[in-house]
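S.K.: Taken in sequence, the protein lines are chains A, B and C.
For the first sequence, the residue numbers in my numbering are 96 to 282.
For the second sequence, the residue numbers in my numbering are 7 to 1009.
For the third sequence, the residue numbers in my numbering are 324 to 430.
These aren't lab readings, by the way, just hints derived from the structure by calculation.
Do not rely on the hints blindly, as some may be mistaken.
Derived pair list, reagent style BS3-like, types lysine-lysine, alpha-carbon separation capped at 25 angstroms [to be verified]:
| # | chain 1 | residue 1 | chain 2 | residue 2 |
| --- | --- | --- | --- | --- |
| 1 | C | Lys-350 | B | Lys-895 |
| 2 | B | Lys-1006 | B | Lys-984 |
| 3 | B | Lys-901 | B | Lys-916 |
| 4 | B | Lys-761 | C | Lys-372 |
| 5 | C | Lys-350 | B | Lys-458 |
| 6 | B | Lys-434 | C | Lys-350 |
| 7 | B | Lys-458 | A | Lys-132 |
| 8 | C | Lys-350 | B | Lys-901 |
Pairwise CB distance ranges, derived in the manner of DEER restraints [stated by the list, open to error]:
| # | chain 1 | residue 1 | chain 2 | residue 2 | range |
| --- | --- | --- | --- | --- | --- |
| 9 | C | Trp-426 | A | Glu-175 | 54 to 64 angstroms |
| 10 | A | Gly-229 | B | Asp-440 | 19 to 29 angstroms |
| 11 | A | Gly-229 | C | Asn-425 | 37 to 47 angstroms |
| 12 | C | Asp-358 | A | Ala-178 | 40 to 50 angstroms |
| 13 | B | Asn-813 | A | Met-103 | 19 to 29 angstroms |
| 14 | C | Arg-351 | A | Glu-150 | 34 to 44 angstroms |
| 15 | A | Ala-181 | B | Asp-791 | 10 to 20 angstroms |
Under 8 angstroms between C-beta atoms, here's a sample of chain A residues computed to sit facing chain B [stated by the list, open to error]:
| # | residue |
| --- | --- |
| 16 | Ser-184 |
| 17 | Leu-187 |
| 18 | Leu-268 |
| 19 | Ser-272 |
All C-beta atoms in this analysis are idealised placements derived from N, C-alpha and C, irrespective of residue type, glycine included.
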Amino acid sequence: MSDVSALMGAVAEGRTRVEEAGLAGMITLRGDLASAKLIAAVTGLAGVEMPGQREIKTGDDKAVAWMSRDELLIMVPHEEAEAAVATLSTALAGEHATVANVSDARALFRVEGPHAREAIAKLAPADLHPDSFGPGEMRRTRMAQVPAAIWQSGDDQFSVICFRSVAQYVFDLLALSAKDGSEVGYF
Amino acid sequence: MSTRLSSGGRLIDRSAARDFTFNGKRLTGYAGDTLASALLANGQTLMGRSFKYHRPRGVVASGAEEPNALMGIGKGSRFEPNQRATTTELFDGLEAESQNHWPSLEFDVGAVNNSLAMFFPAGFYYKTFMFPRPAWKHLFEPIVRHSAGLGKAPKDRDADRYEHFYAFVDVMIVGGGIAGLQAALTAGASGARVLLVEQTAHWGGRAPVDGVEIDGQPADEWIKSALQTLEGMDNVRVRSRTMASGVYDHGYVLAYERLTDHAPEMDGPRHRLWRIRAKQVITATGALERPLSFAGNDIPGVMLASAVRDYVVNWGVSPGDRTVVVTNNDDAYRTALALHGAGLAVPAIVDARATVTGDLPEAARAAGIRVLTGTGIASVKGKKAVTGVTLCAQAGEGAVTDEIACEAVAMSGGWSPVVHLWSHCGGKLTWDADQACFRPDHDRAPTSHDGKPFVTAAGAADGVLGSADALASGSNAAVAVAEALGLSATASAPSANDPAETPMEAVWIMPQGAGPAKRMKMWLDYQNDVKVSDVRLAAQEGYESVEHTKRYTTLGMATDQGKLSNINGLATLASALNDEIPNVGTTTFRPPYTPISMGAIAGEARGDVFQPLRRTPMHAWHEEQGAYMEPVGHWRRPYCYPKAGETHEQAVHREVLATRNSLGLLDASTLGKIIVKGPDAGRFMDMLYTNMMSTLKPGKCRYGLMCNENGFLMDDGVVARIDEDTFLVHTTSGGAEHTHGHMEDWLQCEWWDWKVHTVNVTEQYAQVAVVGPNARKLLEKLGTDMDLSAEALPFMGFATGKIGGFNTRVFRISFSGELSFEIAVPASQGRAFWDALHEAGAEWNATAYGTEALHIMRAEKGFIMIGDETDGTVIPQDLGLGWAISKKKEDYLGKRAQERSHMTDPTRWKLVGLETVDGSVIPDGSYAVASGTNANGQGNTQGRITSTYHSPTLGKGIAMGLVLNGPDRMGEVIEFNKVDGTTVPAKIVNPVFYDPDGEKQNV
Amino acid sequence: MLILECPCCGVMADETELAPGGEAHLKRYGPGSSDEEFEGYLFHRVNPKGVHFERWRHANGCGKWFLAARCTNTLEVFATYSAQTPEPPQHVIDAIAARRPNWSIEA
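Next up, chain A with everything else stripped away, as it sits in the complex:
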């Protein structure tokens, strides 16, 4: 079965590089984030600590991000997503919790380069100054006209999640904003 991401790994080259990062396993978990059972299930599955408000905890190939007071986004390799949904569902039996595989409902981008932060700041009405926004935080905001979630995933690298249907739009936006010659020199 050939599973394909929305843009099949499209890349815009430049001093700041934009890449659709292919398929990632993503699981929405809604429930009581203070529940010991839920915390145990999540941390046990992902091997990272439970994130606090707006935090993202990243491991080798898994991550857990705080989406809202009753919602997490759990990231795993794409091929492990179904199994992870099953594991979590089993672990949370009896809890009021909802586990849904949303891997294919999303697109993931990496923006990397010396002006990556700026490229995103052209599109999102969020304070992305390094003093305000650094590794470990995931900011849900909008990018131009669509919702997006952003986190710093490397020294000069940012990751962006949006809905799959608007992947081309977001890629085009990022490629345009990252275009050589349009550096702002602000951050």
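Go by the hints and put chains B and C onto chain A.
M.R.: Frame of chain A, contents of chains B and C only:
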């Protein structure tokens, strides 16, 4: 004639010539010139024609306030009208053309308006709109249309690109003069995150031109070192060529950065609109010099005194060999001294004040310049250029006492602080009688989300005109702002030399006793051609409010927004009303400070990213097939797939027949899919839907209607119960986000104690409707581990399993009336699944069908479509959907509203089917005509069409509509109107046209 | 362009991240209510010049609804708070009273 001086010009590089054209004429300037300075250097004093009278006009200012020298710049896809020559930096190859003239700048037919001036008084437009009415349509409109509009609109698509940038700062400082620089130094030292912007390419404002010395060194030296210090601060950013255009609520500031206007060969965006959130804003925006109102003050060669000084000092340009300076303050003497220093003649300084003893006047006298006190200009001589002035006593009525030949007049009526940004967000002003200007009232500053002031004015923008005071004002403003931010800063400002000055005296008209003939030649608003006489006429006709006078006369309504004219206009109005200026008040200052490009406002939102287009996983296939796409919300869906030589109508009919007769495939991925889960999910679903959902058995589907609290039908769709706690809600294609938001609203804001989660999984799945008599055969051919037989998986059932190796969920639901399987697969496999269906379905002529075939097939079955049969005023009861409304439930959203008297009115129009008698198709939007007329004399109606199609299956026109007492009138023929005035007869029938017993779908 | 602090995720959210939802603390009237009650619930809104309680959703953000107490005249924001409350909590009333001494909730 104006010309280039042999030396001088602190901003130009005489070793770097720049070629440009003006109205096709090849001219040369230098790097560092503005278009205005380069034109003057080439002797081009005539730069445009005025808007209304087409009077010849020259440049009057040297910066953003310029009302006259507006140019069309560039050509083709880079043409832009109404660019101020004073803020256009010269570059090689610049092409400029003047505006508002025909056939040429030198000879303009429209100037006849000038001789007709008595027919174009204040309120001209309003008067011609009113009386005589036919005159507007046949006489005035054609003339006004021909001459209206400033500049030409570009015709080609803009070749440049634009972008936005979001910045969050502690302190935004606007204005890179010495006050702004000092404010930045002080604020920067406090550790605050600071952004300093300057609208021009140069720092320091007027100080270097005015010969200011700071800390004992020339201003330029201090400015250079201040900038170096600022650039070395990690927490400070400085941007030139960036104009703060507006200050808005809660510290939102827009700034307009012009990146390549001065160097079009540069790569990158042309303009960048900064969308800034500033905790505190310091406006160090300087002041603008006011013109004086004397007869002939608009003749080319009459300029602001500060502008003349700028042209001499900054660009080494002489405005003419002989310049008369006319003033009511000491500052204009700097211009006389600068001209004198450049070796040019100043035949006289005409000063309206009776005695003048300041350091600068004394210096002028010492230089041998004649100073005439108590004197005014009686009139300016010349038509397309100044040839001289006549003088009179300022105290008198204008009897000429002397005449002086000259090529230029440098005028100064005092200075008005630039209070625009202070005022945009509600900052109030106070009248400063000593300086005859409005300045910020510190006690009534704009306030932010915390209710505390967030704008502080500094320097000349605060009415502080001396250099030393301006520097201290900048520093003090920064200290106050730092304290507001909880930081600490220390006030410190360098010293500066300021001459002792004689106080200015307000002069609103020259001479003070000028009669009507002179007032008709005194221009207040150069760009809109408003004169002193117009404002007086408006006052006389009862326009006493300044806002009314503004609109009646158009004073201050041109692209310069009255930067030069407003205060003089107010003073004229106040004098006509015998009132004080502060009582008359100002008009409202609105952003932008100077015009910004449409491109900058749009930012990235153009072309491919004008708006987000939502694409399904099969989108590329549709495009490869040449599908004709239509928007459904932000989705793009195939309307039909025309083959070579096929019209859209033919394609749609082929798709319908192929589906009904054999096998059709629909990309239904856009269908909304929302999981509703939790112990209270059943209870919640019963509130959301009009029918009972809690009784739905796991494994089964049920059609449901969702209403809003007004009772109106909002969305519909099929609900599948996955297990005891879990429902999967299907919504309309456009309705998923709205419906999800609706659910969350009720769960979060009303029933927050109910244990229910929702997750929008619309895009997790690609969905395909496999439709037609051969649908089951196709799925079985692909191979499946499910029993898809009618017995095992009956209509309105669903199953989960594999088809052709794909993980699927199969719903036995039908929107076409045919045997139908709607199959969901993970989106990442959507395209592969779609391809597999086509490949295996080839033997049954598997035909992809689009939304139009979908619509026709559902209409043939009498199924309603949200947005066609509903329009936000329709309740389910109107649509014969009473069967889907639970009588047992105590409550559901919309139930109480549906009990309101208007909702239960038996005369509400109800849904019926309609068949044309002649087989034709009733036009979309048609109304059923009834006898008689209503109170407005319009024909009565008794119904309207909601859906209308040619049915390829039935070979005739079918429609659905809402008709008065419709369900009781079966078989009756009623008439539907057409735009040509005729009607189409149609018979009222059952809306289910095709297979009323469902024999085709229940197999 | 307002800026409101989302009490759920703690972000100082730009207005373009938010969706407005009208007046807060409306009491829902369903079947069994009088015409007057229902009309009041569905259509009557206070629209004051001054203190107003309103609903906002952090739509381009954490997705949660919250409530704001705000002055419609000066745009001062007194407090933002949880949507899961039928009436303004005391700390919100206190925050308003501190800035608007003559205001009372009945007004």
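S.K.: Run the distance test for B:Lys-434 versus C:Lys-350: straight-line Cα separation, threshold 25 angstroms.
M.R.: violated, 40 angstroms
S.K.: Between B:Lys-1006 and B:Lys-984, is the straight-line Cα distance small enough, at 25 angstroms or below?
M.R.: It is violated: about 36 angstroms lies between the C-alpha atoms, which goes past 25 angstroms.
S.K.: Between C:Arg-351 and A:Glu-150, is the Cβ distance one that fits in 34 to 44 angstroms?
M.R.: holds, 36 angstroms
S.K.: Under the criterion of a CB-CB separation shorter than 8 angstroms, is A:Leu-187 in contact with chain B as hinted?
M.R.: Constraint on A:Leu-187 not satisfied, violated at 11 angstroms.
S.K.: Does B:Lys-895 lie within 25 angstroms of C:Lys-350 when you go C-alpha to C-alpha?
M.R.: holds, 21 angstroms
S.K.: Is the Cα-Cα distance between B:Lys-901 and B:Lys-916 25 angstroms or less?
M.R.: holds, 19 angstroms
S.K.: Is the hinted range of 10 to 20 angstroms satisfied by the C-beta distance from A:Ala-181 to B:Asp-791?
M.R.: At roughly 18 angstroms between Cβ atoms, B:Asp-791 and A:Ala-181 fall inside 10 to 20 angstroms, so the hint holds.
S.K.: Can the suggested window of 19 to 29 angstroms be confirmed for the beta-carbon pair B:Asn-813 and A:Met-103?
M.R.: For A:Met-103 against B:Asn-813, whose Cβ atoms are near 20 angstroms apart, the range 19 to 29 angstroms holds.
S.K.: Close enough to count: is the Cβ of A:Leu-268 nearer than 8 angstroms to one in chain B?
M.R.: Interface hint status for A:Leu-268: holds (5 angstroms vs cutoff 8 angstroms).
S.K.: Quickly compare the C-alpha distance for B:Lys-458 and A:Lys-132 to 25 angstroms and report which way the hint goes.
M.R.: Cα-Cα ~46 angstroms, so violated.
S.K.: Between C:Lys-350 and B:Lys-901, does the CA-CA distance stay at or below 25 angstroms?
M.R.: holds, 16 angstroms
S.K.: Given A:Ser-272 as an interface hint, is the shortest Cβ-Cβ distance to chain B below 8 angstroms?
M.R.: holds, 7 angstroms
Violated hints, in rising order: 2, 4, 5, 6, 7, 10, 12, 16, 17; the structure is consistent with all others.
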